[in-house]
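Undergrad: Sequence:
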Amino acid sequence: MKNNKWSEREESLRNALKAMRKSAGLSQSLLAQKLDKPQSFVSKYESGERQLRILELEQVCIACGTTAHHFLKMFSGLQPLTL
1 MKNNKWSERE ESLRNALKAM RKSAGLSQSL LAQKLDKPQS FVSKYESGER QLRILELEQV
61 CIACGTTAHH FLKMFSGLQP LTL
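For the sequence shown, position 5 matches number 5 in full-length UniProt numbering, and the numbering has no gaps at all.
For the record, the hints were derived by calculation from the structure and aren't laboratory data.
Heads up, some of the hints might be wrong.
Restraint ranges, calculated between C-beta atoms of paired labels, are given here [stated by the list, open to error]:
| # | residue 1 | residue 2 | range |
| --- | --- | --- | --- |
| 1 | Arg50 | Lys22 | 32 to 42 Å |
| 2 | Asn4 | Asp36 | 28 to 38 Å |
| 3 | Leu78 | Ile54 | 17 to 27 Å |
With a cut-off of at most 30 Å between alpha-carbon atoms, the simulated DSSO-like pairs for lysine-lysine come out as follows [what the hints assert, rightly or not]:
| # | residue 1 | residue 2 |
| --- | --- | --- |
| 4 | Lys37 | Lys22 |
| 5 | Lys44 | Lys18 |
| 6 | Lys34 | Lys18 |
| 7 | Lys44 | Lys34 |
Heads up, the beta-carbon is just placed ideally off N, CA and C, and yes, glycines get one too.
Could you build all of it, start to finish, from the sequences and the hints given here?
TA: Structure (structure tokens):
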């Protein structure tokens, strides 16, 4: 069973990724085209069916007009990590 704290954080991360995409004015299909991936790639990481590797996160951020650094800084401000 997953630790509930991590599950909540993972859900928050998925929500932040989805919000970033929408704020960039991109549908899942348009983002997938920019990434040269199938639409299911975006759908699966947004739904939690798969996780992004760090280099994939970097590509997604760039396709949405930002950097992984900026995205992670924003995310950690919204959802500070406590151990």
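Undergrad: Compare the structure with each hint and give your call.
TA: To see whether the hints hold, each was checked on the structure:
The hinted range of 32 to 42 Å is not satisfied by Arg50 and Lys22, whose Cβ atoms lie roughly 20 Å apart. Distance hint check for Asn4 and Asp36: the Cβ-Cβ separation is about 36 Å, which falls inside the suggested range of 28 to 38 Å. Range check, Leu78 to Ile54: about 19 Å between beta-carbon atoms, so the 17 to 27 Å window is met. Distance hint between Lys37 and Lys22 is fulfilled; the C-alpha atoms sit about 18 Å from each other, no more than 30 Å.
Between Lys44 and Lys18, the direct Cα distance comes to roughly 11 Å. Compliance with the 30 Å bound is thereby established for this hinted pair. With a C-alpha separation of about 15 Å, the suggested pairing of Lys34 with Lys18 holds against the 30 Å cut-off. For the proposed pair Lys44 and Lys34, the alpha carbon gap of about 16 Å is at most 30 Å, so the pair holds.
Checked against the numbered hints given earlier, the structure breaks only hint 1 and satisfies all the rest.
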